[in-house]
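Kindly produce the complete structure, drawing on both the sequences and the hints.
Going down the list, the protein sequences come from chains D and C.
Residues 1 to 333 (my numbering) make up the first sequence, in order.
Residues 1 to 333 (my numbering) make up the second sequence, in order.
Quick caveat, the hints were computed from the structure, so don't treat them as lab data.
Repeated chains share a single entry, so a pair holds when one copy, or any two copies, can fit it.
With a cut-off of at most 30 Å between alpha-carbon atoms, the simulated DSS-like pairs for lysine-lysine come out as follows: (1) Lys60 / Lys109; (2) Lys30 / Lys68; (3) Lys14 / Lys114; (4) Lys293 / Lys14; (5) Lys68 / Lys42; (6) Lys114 / Lys68; (7) Lys32 / Lys68; (8) Lys68 / Lys109; (9) Lys32 / Lys42; (10) Lys60 / Lys42; (11) Lys14 / Lys42; (12) Lys258 / Lys317; (13) Lys114 / Lys178; (14) Lys178 / Lys109; (15) Lys258 / Lys293; (16) Lys60 / Lys114.
There are 2 protein chains.
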Amino acid sequence: MEQNKASAPVPPTKRVRCIVKLGGAAITCKNKLETIDEENLKEVSSQLRQALIPNTDSAKVLGMDWSKRPGQSEPPSFVDEFSDQPVADSESFIVVHGAGSFGHFQASKSGVHKGGLSRPLVQAGFVATRISVTSLNLEIVRALAREGIPSIGMSPFSCGWSTCQRNMTEADISIVIKAIDAGFIPVLHGDAVLDTLQECTILSGDVIIRHLAAELKPEFVVFLTDVLGVYDRPPVEPGAVLIQEIAVREDGSWSVVKPRLEDTSKPVEFTVAAHDTTGGMVTKITEAAMIAKLGIDVYITKAGTDHSVKALSGILKGSIPDDWLGTAIRYMS
Amino acid sequence: MEQNKASAPVPPTKRVRCIVKLGGAAITCKNKLETIDEENLKEVSSQLRQALIPNTDSAKVLGMDWSKRPGQSEPPSFVDEFSDQPVADSESFIVVHGAGSFGHFQASKSGVHKGGLSRPLVQAGFVATRISVTSLNLEIVRALAREGIPSIGMSPFSCGWSTCQRNMTEADISIVIKAIDAGFIPVLHGDAVLDTLQECTILSGDVIIRHLAAELKPEFVVFLTDVLGVYDRPPVEPGAVLIQEIAVREDGSWSVVKPRLEDTSKPVEFTVAAHDTTGGMVTKITEAAMIAKLGIDVYITKAGTDHSVKALSGILKGSIPDDWLGTAIRYMS
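Here you go:
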């Protein structure tokens, strides 16, 4: 289904350890237009720093966001404290974030995903969506940079990525590779892009992650969300059980390995779909299964918890501790 | 000197009418860190709208920035007023802006232009510079969008543009062309980029314009600055004369055509350099001459004036009215 006409044939010199999805719901306030959940974003950024540059002392972090802060007219003073030592070797991560309360209003109001750039509402909605999602991208890049993470914002539109009938067709990842090789952490996002058949559409963060995972073969992929993982029924319902492990087979089908669900006759697709009121979880698990099929472990867990620390550290690659709360989706040959 | 390995061979379907440089000094407050000159930016954006979409009624403009405004929690209400008529055909413009009081502190403090990404200060400065210039880019895109201009921010770094010893080597403009053909106005900016020889550097807006002009052959190029144009001595000095027309010859040399300067024995290069305390004017005139050599008229004038309206409208292409204040740089065969 996917063709990657312009993809770089050269793999990165540095192997990508992890691709992290920052779910929109985890870092923004879902029901407040264009409002970042500052506390969560700070915690997520701090955890990412620990995973990327292990053994750093948070008190000694020198930030890379030198822009002035609200209410101040001077840049931060720590800028003079950078040493002349070579930069610490950091792990190769890629961050992809969703939109949450950014972009959603603009995109749905105008129907950008349905295409038709010759209509003024769609054209304006395309521009408005990009303004909204790029402003969120800038704030996430700044939050990561404040933690000393060398983050570089990269918009799929500017990277030249486009779709045909909403499937990715052009996605030259050579600049993502170059940024990684230069020691940076690329920060990409769901974006409004051009579509050869319907003129324009929305390229979601999840589709971007699937594409990057297929091309770069990271060791593992982590989805950070606002719930602990995938449940067998809506998590607010009494008795909802967190699905801790899903096995994906060669043909792409998948089944729950842990815990053993009581009603095994009920197809898992249905139980997952049943609480998918936002349309998010089914997409997520389908995308995750496609990544796991490539032999790449996928961990879905709640952002800013001990469980996300473990997922980001990579220790789940061996065995999953019983007290880890989240959903691991892995290939079973 | 320049090689464009990855440039798209296909010219845009729509001919580019004009490339506009928004000088950093014209749209930011030069001596106030990261402060936009809101009034100037609004006036420049309004003038650009008039040039792009002639005969629009400013009272009827429907903005394309639907993000919430400071102090408000709701998106603007005019979003419901978009009609179902096809979009008005607008002229093809490309906007490139400088950094002004954005990016400059970060870049000069860290020496990003000199390269050396393995040094923590340079790596951090690279990240900090990109944060600063992309935040200015976002604000300019928003200001243009509020005027109903379908503006799309595009960062040279994300476009995959890079340099070798500070000369542009890779600059695939296919995505710029696609954006234009889709009816958008690309908004690019001076940026921190990767350099194959010295690891990183700063790619200036002026160099970007020269490259785009050479590739896309626009009808004319306009530099909007904070002074009326190029003078024969510092404009604050008594008797300073505005140079109204410069002729560029085949070999790249150039001379003043209008007005006739009293001391013709004095090389113009020197008189221009003499007041070039910021290092800006000599670069500007050298870059302008290289563009004019391609047969493309270049107009340098003050942003937000009647003179910039005339320059942007394209009427100077025929003859330059005596009351137009600015510097026209044109090819003379």
